[in-house]
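Protein chains: 2
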Amino acid sequence: LEAEIITIGDEILIGQTIDTNSAWLAKKFNAIGIALSQIRSVKDEEEAIKSALESVDRRNIPITILTGGLGPTKDDITKKVLCQYFDTDLVMNQEVLARIEILFKAKGREMLDSNRNQALLPASCEVLHNELGTASGMLFQNEKRMIVSLPGVPYEMKNLFVNKLLPIVKNAFQLPVIYHKTIMTEGIGESFLVEKIKVWEDSLDRENIKIAYLPSPGIVRVRLSAFGSDFDTIKFIVDKKATELCEMVPSYVFGEDDISIEESIAQLLIKKNFTISTAESCTGGYLAHLLTSVAGSSAYFEGSIISYSNALKVNQLGVDATKINQFGAVSEAVVLQMAGGIRKKFHTDYALATSGVAGPDGGSEDKPVGTVWIALAGPNGVYARKYLFEKSRERNIRRSALAALSLLRRSIRGQLDHV
Amino acid sequence: LEAEIITIGDEILIGQTIDTNSAWLAKKFNAIGIALSQIRSVKDEEEAIKSALESVDRRNIPITILTGGLGPTKDDITKKVLCQYFDTDLVMNQEVLARIEILFKAKGREMLDSNRNQALLPASCEVLHNELGTASGMLFQNEKRMIVSLPGVPYEMKNLFVNKLLPIVKNAFQLPVIYHKTIMTEGIGESFLVEKIKVWEDSLDRENIKIAYLPSPGIVRVRLSAFGSDFDTIKFIVDKKATELCEMVPSYVFGEDDISIEESIAQLLIKKNFTISTAESCTGGYLAHLLTSVAGSSAYFEGSIISYSNALKVNQLGVDATKINQFGAVSEAVVLQMAGGIRKKFHTDYALATSGVAGPDGGSEDKPVGTVWIALAGPNGVYARKYLFEKSRERNIRRSALAALSLLRRSIRGQLDHV
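So the protein lines, in turn, are chains A and B. Heads up: the first sequence at position 202 corresponds to 202 in this note's numbering, and the numbers run straight through without jumps. Heads up: the second sequence at position 125 corresponds to 125 in this note's numbering, and the numbers run straight through without jumps.
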């Protein structure tokens with residue numbers, strides 16, 4: 001079964017907006033066994049939209065999703081073009097109008113004609129009611145094909161897709177039974193991981209399981225997928241293989257199904273009832289930000305000291321000034337004292353510390369840009385490790401924070417000998 | 001002059017990769033007066049690529065950029081399809097081969113046949129030499145039209161586009177003289193800004209200047225553009241109008257030409273030789289992260305205390321426990337003491353403090369999710385302001401940090417009465 005996406009909006013074609021809706025829709029379709037044959041972005045112009053519609057018609061694409069061009073301003077013409085294309089007229093939808101009126105009342109804003117006109121909808125479409133905004137979804141359907149227009153605002157589009165459209169699609173088409181499981185790994189590069197699990201990977205073929213490696217900086221997601229006729233059967237086989245994978249490389253696996261490292265750490269800390277603090281130099285607060293980006297983080301996160309200056313390392317964290325003079329701020333000795341210092345000061349079970357050369361300046365022959373020391377202090381002692389990351393400041397900050405979380409995770413799970 | 005983009009790769013159509021290349025290319029084309037008529041993403045399949053090429057042929061699109069599908073693995077077939085389409089053969093390019101060999105030597109990696117085959121290139125194309133990777137750019141050109149294939153890896157694609165392709169495009173086509181200027185504003189919503197500058201905006205028409213409002217959370221970019229025959233003339237007119245705009249709404253303007261708020265703050269702090277520290281509760285380190293994401297931030301950023309727990313607010317920042325009991329941690333009294341406390345402790349010229357309900361939990365009738373107090377302490381006193389942001393934790397954290405930077409900027413520039 002094939003689907004296609006047409007995103008409508010000048011803002012995409014001048015590069016002002018990155019089209020993230022399409023990737024999101026692609027994932028959702030993929031998960032239910034529908035393959036996208038094409039994604040295209042066209043201008044807010046009658047000819048462009050019509051020509052894209054004619055193209056999917058010509059190729060008999062069963063499902064077409066249009067996003068965007070449904071705003072109240074004059075440049076948004078999708079609705080008008082759809083009326084022409086499907087030879088129908090706009091009629092006032094009283095239910096939609098009532099909802100828009102309530103929305104404006106709640107916000108205490110004046111309602112203009114252009115807002116009221118958002119309730120004018122093509123007579124021949126099925127209206128998909130949008131509870132989060134003024135632009136409704138519109139479903140045009142015949143025996144075998146659907147053309148659906150959704151608003152471009154991501155959270156409105158997503159809500160309409162999941163809650164209104166997906167049930168209709170699942171009902172209208174015979175979808176394959178499909179099951180995915182994603183194992184999240186960190187701390188190992190894609191090619192090294194492939195090498196380590198080669199023999200196991202070969203065994204997937206016999207079970208008709210597909211594997212995909214999805215790398216991003218510091219993280220490789222391994223996705224297993226199977227199609228079949230009975231859900232329980234393919235789930236059983238895929239889960240078994242996923243368990244085998246986890247047992248083969250336990251220290252690299254931090255979770256399942258697109259969980260983030262910070263969420264997996266949060267679960268671990270909450271489960272064990274541990275608290276954490278950080279002392280940050282090169283990460284400059286980004287490590288604390290990751291730890292506190294998870295809802296409910298006050299259960300485990302106590303606080304941090306960001307000590308950019310050496311004076312603060314000495315006065316606030318208890319680092320020996322002599323160590324800084326002797327080894328420099330980016331050194332094992334200093335980062336160990338930072339971690340130990342914050343753990344003691346903030347009375348936490350664990351503490352992480354970072355000190356490195358994030359760049360672009362400040363590198364030397366001994367300590368080039370990307371040199372980072374990370375320390376972990378825990379109930380059983382302190383441990384530090386040196387890393388050499390990249391030339392980009394942004395990536396060094398992110399990779400340092402991920403590496404710190406990785407040390408913490410391994411230590412709590414007993415996979416780190418030292419702490 | 002029109003251009004079109006075809007991105008090739010299954011990873012885009014399954015939603016694994018968000019196509020950021022197209023938005024980047026769209027901006028670059030836009031800046032030199034070339035409009036994109038369409039962006040489309042197709043699979044790594046012969047038929048799909050061919051059909052996209054036929055479509056641009058049929059419509060006589062002067063410039064077509066293909067990205068992706070140039071890797072060494074079997075699924076990358078762009079090169080093969082281009083050979084068929086342009087009826088030419090692959091020949092070994094010795095210059096490219098030599099460069100690939102050097103690349104592998106430098107990395108100490110073994111070179112496989114598949115890597116060597118990256119130097120096999122269509123005989124009839126002009127090779128665009130890629131110094132950053134093994135996939136070359138390929139330019140197929142006749143009298144009036146260009147079809148260019150570039151690698152999908154963003155930094156390789158960007159380098160080839162700017163350094164190799166752009167000079168050829170500028171030489172081959174008569175491009176309009178164009179000048180853009182972007183004024184960055186924060187702290188005012190798009191519709192309020194439009195209202196404030198309505199009369200001035202009307203005057204742009206007479207000068208043939210186009211205006212575009214580009215909003216993102218907390219920020220509205222205002223871009224002025226003019227086309228003409230003489231660069232100096234249109235630059236003079238646009239710059240004059242931009243200056244008028246800045247003088248009309250001085251407290252909202254933080255810079256020009258896509259500078260970030262944190263970069264503009266950095267320039268201001270360095271220029272005035274001021275230092276800054278932060279005491280963060282709801283922003284959890286994100287404010288410090290923004291301040292330290294700028295290269296050279298050690299010149300002005302001293303450090304931070306992230307005090308998630310009330311105990312740390314009292315012990316580390318000197319907040320009165322009685323104030324927390326009386327007013328709660330999210331209150332004017334507490335956030336003022338946090339800002340004053342960190343400024344004194346870290347001996348900085350300025351200090352920012354945040355305390356709020358980031359959500360999704362923790363809201364009450366009095367203080368719903370999104371309620372945030374932000375304080376600024378400076379040489380002339382302390383000042384606090386209450387905000388009501390959104391329901392999303394991620395956006396509340398970001399908007400709180402931007403609002404804090406906004407207070408700091410206004411204070412330093414003398415636009416805030418209180419500090």
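To be clear, the hints were calculated from the coordinates, so they are not data collected in a lab. Glycine included, each C-beta is placed from N, C-alpha and C at the ideal position. Any given hint could turn out to be false.
If the Cβ cut is set under 10 angstroms, some of the chain B residues that face chain A in the computed set are [what the hints assert, rightly or not]:
no., residue
1, E11
2, K43
3, P62
4, N171
5, A172
6, Q174
7, L175
8, P176
9, Y286
10, G359
11, L388
12, I397
Between beta-carbon pairs, the in silico distance windows are [as the list claims (entries may be wrong)]:
no., chain 1, residue 1, chain 2, residue 2, range
13, A, E190, B, S191, 42 to 48 angstroms
14, B, G414, A, D89, 38 to 44 angstroms
15, B, F236, A, L112, 36 to 42 angstroms
16, B, A35, A, E390, 46 to 52 angstroms
17, A, D89, B, R413, 53 to 59 angstroms
18, A, V194, B, G414, 58 to 64 angstroms
19, A, E46, B, A295, 35 to 41 angstroms
20, A, A31, B, D202, 38 to 44 angstroms
21, B, A35, A, I102, 58 to 64 angstroms
Listed below are the simulated DSSO-like cross-link pairs for lysine-lysine, each with C-alpha atoms no more than 27 angstroms apart in a straight line [claimed, not checked]:
no., chain 1, residue 1, chain 2, residue 2
22, B, K345, A, K345
23, B, K198, B, K170
24, A, K386, B, K105
Status of the hint placing P62/B at chain A (closest C-beta pair under 10 angstroms): Not OK, violated: P62/B not within 10 angstroms of chain A, min 16 angstroms.
So, as I understand it, the hint says G359/B touches chain A; can you test that by seeing if any CB pair is closer than 10 angstroms? This interface hint holds because 7 angstroms falls under the 10 angstroms limit.
Does the CB of Q174/B sit less than 10 angstroms away from some CB of chain A? Violated - the Cβ of Q174/B stays beyond 10 angstroms from chain A, reaching only about 21 angstroms at its closest.
Lying within 35 to 41 angstroms: is that true of the beta-carbon distance E46/A to A295/B? violated, 47 angstroms
Holds or violated: is the Cβ of A172/B closer than 10 angstroms to a Cβ in chain A? violated, 22 angstroms
Can the suggested window of 42 to 48 angstroms be confirmed for the beta-carbon pair E190/A and S191/B? Check passed, 47 angstroms falls within 42 to 48 angstroms.
So if I understand the rule, the pair passes when the alpha-carbon distance is 27 angstroms or less; does K345/B with K345/A pass? holds, 16 angstroms
Within 58 to 64 angstroms: is that where the Cβ-Cβ distance between V194/A and G414/B falls? With a Cβ separation near 59 angstroms, V194/A and G414/B satisfy 58 to 64 angstroms, so the hint holds.
Range agreement (Cβ of D202/B with Cβ of A31/A, hint 38 to 44 angstroms): Since the Cβ atoms of A31/A and D202/B sit about 50 angstroms apart, the hinted range of 38 to 44 angstroms is violated.
Per the CB criterion, is P176/B less than 10 angstroms away from chain A? At 15 angstroms from the nearest chain A Cβ, P176/B fails the 10 angstroms test, so the hint is violated.
Proposed interface contact between N171/B and chain A, which counts if any beta carbon pair is under 10 angstroms: violated, 23 angstroms
Does L175/B meet its interface restraint, that is, does its C-beta lie within less than 10 angstroms of any C-beta in chain A? violated, 16 angstroms
Going through the hint list in order, the structure does not satisfy hints 3, 4, 5, 6, 7, 8, 11, 14, 16, 19, 20, 21, 23.
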